[in-house]
Every structure is written in structure tokens, then in C-alpha cells.
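Protein chains in written order, with this note's numbering: chain A, 1 to 237; chain B, 1 to 229.
Each hint should be verified, as a subset may be incorrect.
One side only, chain B facing chain A, incomplete, derived with CB under 7 Å [to be verified]:
(1) V64
(2) L68
(3) L168
Okay, the calculated bits of chain A under chain B, using three or more residues with CB under 8 Å as the criterion [said to hold, decoys possible]:
(4) 74-80
(5) 163-175
(6) 186-196
(7) 206-219
Just so you know, the hints here were simulated from the structure itself, not pulled from any lab data. In this text, a Cβ means the ideal position worked out from N, Cα and C, and glycines have one as well.
Below, each chain spelled out in residue letters.
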Amino acid sequence: MIDIIQQYWKAFLWTDGYHLSGLAVTMWLLVVSIAFGFCASIPLAIARVSRSKWLSRPVWLFSYVFRGTPLYIQLLFFYTGMYSLDIVRDVDILNHFFREGYNCTILAFGLNTCAYTTEIFAGAIKATPYGEIEAGRAYGMNKFTLYRRVIIPSALRRALPAYSNEVILMLHATTVAFTATVPDILKVARDVNAATYDSFDAFGLAALIYLCITFILVALFRKAESKWLAHLRPMKT
Amino acid sequence: MFLDGFGPIILDGAWVTLELAVMSLLVSFVIGLGGAGAKLSSNPLLKGIATLYTTLIRGVPDLVLMLLIFYSLQIGMNHLTEWQGMEQINLNPFVSGVFTLGFIYGAYFTETFRGAFLSVPKGQIEAGIAYGMSSWQTFSRIQFPQVMRFALPGISNNWQVMLKATALVSIIGLSDVVKASIDAGKSSYKVFFFTVVAGAIYLILTSVSSLVLMWLERRYSTGVREAEL
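With the rest of the complex left out, here is chain B:
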């Protein structure tokens, strides 16, 4: 039998892990773009909030933040529902995992995008304005495509770190690949084997994503000449 009959559970877990990682990537991507915009804006309040956000989040371990946000969010919800006289709403570990991971890695993405925005030569934006483009047009036609190119190495790095950080979400009760393999190991008395299986699944995920990212990097840097040594 496939993995002693635990194959389907573990594959389901792997799917949950992948979904979690992709959804959190989307959330953190959006937060990162917004955060970079805030950090580069001339509004001191926005700038201050964004700087505080990236400094605090990147200075505290992700697991601590995860537990802090997960438990506090649940307690806050309980207060809210009690106050409204509603029934208790239990937070779904998947949804809170997505938002927590997205919120944490949004800080790393903010820094990545900030650096990428700064790397777009200023003359190009001026040229766009000189052509009579609106600020949205200069953003979407000139800045954004180049920001993606400059940010890609940073994005790949953040993605690999985030993919590995999803393993921690099993600690707040999500049935992902780690939880599935721990359970499978406990009930089959083959803890060693199933830990190796979980590790192998992560290794496959990181290897495949590094191949995809390498391809993307080649694709997005067409037209960029590299110096040959």
C-alpha cells in the first residue's frame, strides 16, 4: 500500500501546505506593495507606520508572532461576539494561518519592493510624465514591470523562507503535511519514516519552486546583458 495506507492523508496535508503558502504569498505580496508605497511616500505618518511595521515584525520571531496573533485574535473575537450577544466564532486555523503568515512576510516583501522601486531609474519616470501619462499609467507601464524584475531575487528568497515557515502553522492546529505525518507516524509506530517523508515533501516543494524561479528570473531578465568573464 502507498505509504502504509497513510498516503492520501499525507498528500492532502501536502496540498493544504501548498495552498497555505500560495495564499499567504498573495496576501504578503499585496501588503508588501502597499507597504513599499507607504514607505516611499512623502506623508510622514504613512512612512512612520510602515517603518514601525517592518522594524517590529522583522525583529520578532515568526513563531512568536504567529502565537501572539492567533491567540489574541481569538480572544478579541470572543470579546466582540460576547459583547454583541452572538455565539462564539472559532477561528479557522487555515484562514488565520494565511493572514498571520501574510502579515509577517508582508514586512519582508515591503523591504524587497522598496529596494526594487528605488532601482528604477528616475529618468524613465520623468520620461513617462513628459509623454503625458497619468501617474497610474507610469506606474503600470513603466515602474511595475521593472520592479518585478528587480524584486524577483528577493521574492524568490522570501518565498522559500515562507514555504518552510508553513511547517510552523501545524503548531497552531492546522492539519498540514507536518501534522499528517506526525499522526501517521504515531499510529503506525514508524515515526522516523514519516518524519523523513515530511522532509522529502518539503524538499520536493523547495526544489521545484527553485527551478520555476530560476526560469522566471531568466525570462524576466531577457534583454539585460550580463558581463561575461
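Only chain A is shown next, with the shape it has when bound in the complex:
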């Protein structure tokens, strides 16, 4: 165990000497895909709860497909599947984009978490107390202002517990990235396993790092909840 830590701690944390690897890559994957999913899911969630079928149905279909299939298959689809198409290889931009494991991974992860986040936010928007919306209308707000000032801030707060769950599930889902040659923590652990045959220590070390990130994320979200959900805390008796 100590030998492995001494020899590979740098690879596990940030670099294998040439490229970024390990924890740095995992965190980068997580942050970029979560940020992409968050930004895209707000307009999609608004479309999902819209009364117009032309807006809500396509979003429903998107999230149904992405939530109904495993992320591993989505990654295979974008990484090996897309690149096997002639159109993709013939068009320069597409060829460049889909040749890189990183791009495909981010695309698959971002779309996947976007689908789940859209459902979480749409549920929170639907659960907005009607009085809040009526109050906004009574103040003469137009639809955009109503969303910006009343519905979205309140819905995002109430979605926080479910959203923290999604972020942690996404952290756990980033482990499939190694199948697209992205050197995340698990890829380093697999390399260490192949080099030392010490499977328990190699994967155990990876598990320990993931456990630490999970605990830190849980603590951060607890803090965020006590800050932004203070008005919903049960009264102390």
C-alpha cells in the first residue's frame, strides 16, 4: 500500500508526468458536465412545464431517452458509435470533435446530467405555490420578470436537496470515463493494478479518494441548504 502511494500519489491526484490525470481530471469532468447540465436545464425545465405541447413534448422525449438508457451506452454511442459514421469522419469539425475522448465524454455526461436536472427543476417549478405567482402578476410583472424574480429563485432553492443527490450520482458516474481513454482516478487505478497486480490496494485507494470527494460534496451541500433553505427549516420545538 505504502509503495503504491509513494510511487503513484501524483498520478492519483493530478499528473502522470505528461498529462493531467486522476483527481484533477475527475473534478474537471464533474465541474464541466454539471455546469453544462445546469445552464441547459433551466430553459429546458421551463419548456418542460410549458402549456404548449410543441415545447414540452420534445423535452420530455429527450429526458425520457437519456434517463432510460445507461450512461455507459450513451458514452459508447458518442465515442465509438459517432466516429464510425462516414459523415462524421468526412466533415472536418465533427472529425476533430469526436476523435477526442474528452469531448465525447463531456458531451455524453453533460447531456445525461442535463436530462436528470431538467426533471428535477421542472418538478420544482411545478410545485411553486400558486400564491407566489399570483402575487407577482398582481405587481404587474411580465412573464420574463416573473420567472426571473419569483419562480426560478424559489424553484432552484427547493430543488437543492434533489440536486445535491444528482451531483453526487454524477461524480459516481464519471467513473465510466476511462472507457473513452480519459485518465480519471479509475483509469490510474486500473494502470496501477496492471503494473503491480495489487488489485485491492489499487482500487481501494481509488475508492478512498471517491469517498473523500463524496463527503466533501455532502458537507458543502449541507452548508448551502442551511443558507438558502433557512426559510424552510422545521421550527425548533
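Model the placement of chain B on the given structure of chain A, informed by the hints.
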């Protein structure tokens, strides 16, 4: 020809996936019930072990645990057989997949069942004891049927997650639907098409199971009045 002649292989793979998911569901169900019992028991040792189990397992990604358990189990077996002077036993990916998935999702089921046990009103158990029922009778007649009702939403959720997690077992070498479609794609040069086929099979499995679970939920909540808005 049906899927370029790869139809039978892919259907076999889909069957393996389904078997894997159902068997792991059974294993995790049993572990979950036991774990919930341990977590709710008054024995501090049992409680501590169960809490450690659910915290550790739910904090670590399932793929990492799968690789950890699969490789370590094989190496442990090798040491054992070597020590006994026996021939090497190679672990079957299906069996180890079932136990690994069952062990991992058992932690999620433990939490689901714990919550469900806590939702059974205490007065009903007291009423059972007052009728002179033994503790097994109160469990099987009063607690268990209601626990199933309260746990059903959680069980459905865990089942859908577990069904999708079976795709990862192909990474430790099981010939399931993912492996079959990767192989079919490679040998027919239609990687794109066969990835879509694998996705479609999973989509069918999740859609059918969500219909079944919706039916079950309706059935198990007969007699529960819902407030109409």
C-alpha cells in the same frame, strides 16, 4: 435477416442482462431487509456495522466497487486454492456480477427499507402484541405488508438504477447485451447502429418495468385515499 444475423446473440445478451438484474434484485432485497433490521436493532455492534456498510457503499462509485470486489475476490480465491493445493477456480463473471451488484444495491435497499419500517405506525405493532401475536407474527402479518407498500417507490427507483448499472458488468467480462452489441458492431462495421440497438433494448426494459411498477403501486395502495385537488 434479423439485425444482420446478430439478432440471436443480442437477444441472448438481453436475456443475460435481465437475468443479472433480477438475480441481483433478489440478493439486494435480502441484504436490504437484513440491513434495515440491523440498523433498527438495539444492538450497537449490529447498528454500527450496518451504518458503516451503507455509508461506505453509497459513498463510493459502483464501478469502482465492482472492479475492487471482482479482482480482489479472484485473487483471494487464488490464495485460498493455492494454500489448499487445489486447482485454480476462475470466478464466473455472472455469479460475481450478481453478488457485487447485490452487495452494492443492498446498501440502497437498506436505507429504503429502514425508512419504510419507520413509517409503520407504532400503535399497530402494539395492537398486534396486545392480541398475543408472536414477534414473527406481528412482523409477517402487520409490518411486512405495509413496509412493502411504503417501500415501493424507493424499490422502483433502485430497480431502475440497478437495471442501468448492469451495463457496467460487461466491463468485468460478462457477455451481456452491451458486450454482444459491441461485438456485433465491430464485426459488421455498423458500430453506430448496434449501439443504438443496445440503447433501445435498455429503453424497452426500463419502459416496461416502469409500467409494471406503476401498476404495482396502484395495486398496493388500494384502500389508501388520495386527496383530490
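Right, here's what the structure says about each hint:
Restraint check, B:V64 versus chain A: the minimum CB separation of about 5 Å is within 7 Å; hint holds. Residue-level restraint check for B:L68 holds (minimum Cβ-Cβ distance to chain A is 4 Å; threshold 7 Å). For the restraint placing B:L168 at the interface with chain A, the shortest Cβ-Cβ distance is roughly 6 Å, inside the 7 Å limit, so the hint holds. Coverage of the segment 74-80 of chain A by chain B holds in this model, with 4 residues showing a Cβ closer than 8 Å to a Cβ of that chain against a need of three.
With a cut-off of 8 Å between beta carbons, the segment 163-175 of chain A has 5 residues touching chain B; three or more are needed, and the interface restraint holds. Restraint check on the segment 186-196 of chain A versus chain B: 4 residues with Cβ-Cβ distances below 8 Å, three needed, restraint holds. Under the rule that three or more residues need a Cβ within less than 8 Å of chain B, the assignment of the segment 206-219 of chain A holds, with 6 such residues.
Taken one by one, the earlier hints all hold for this structure without exception.
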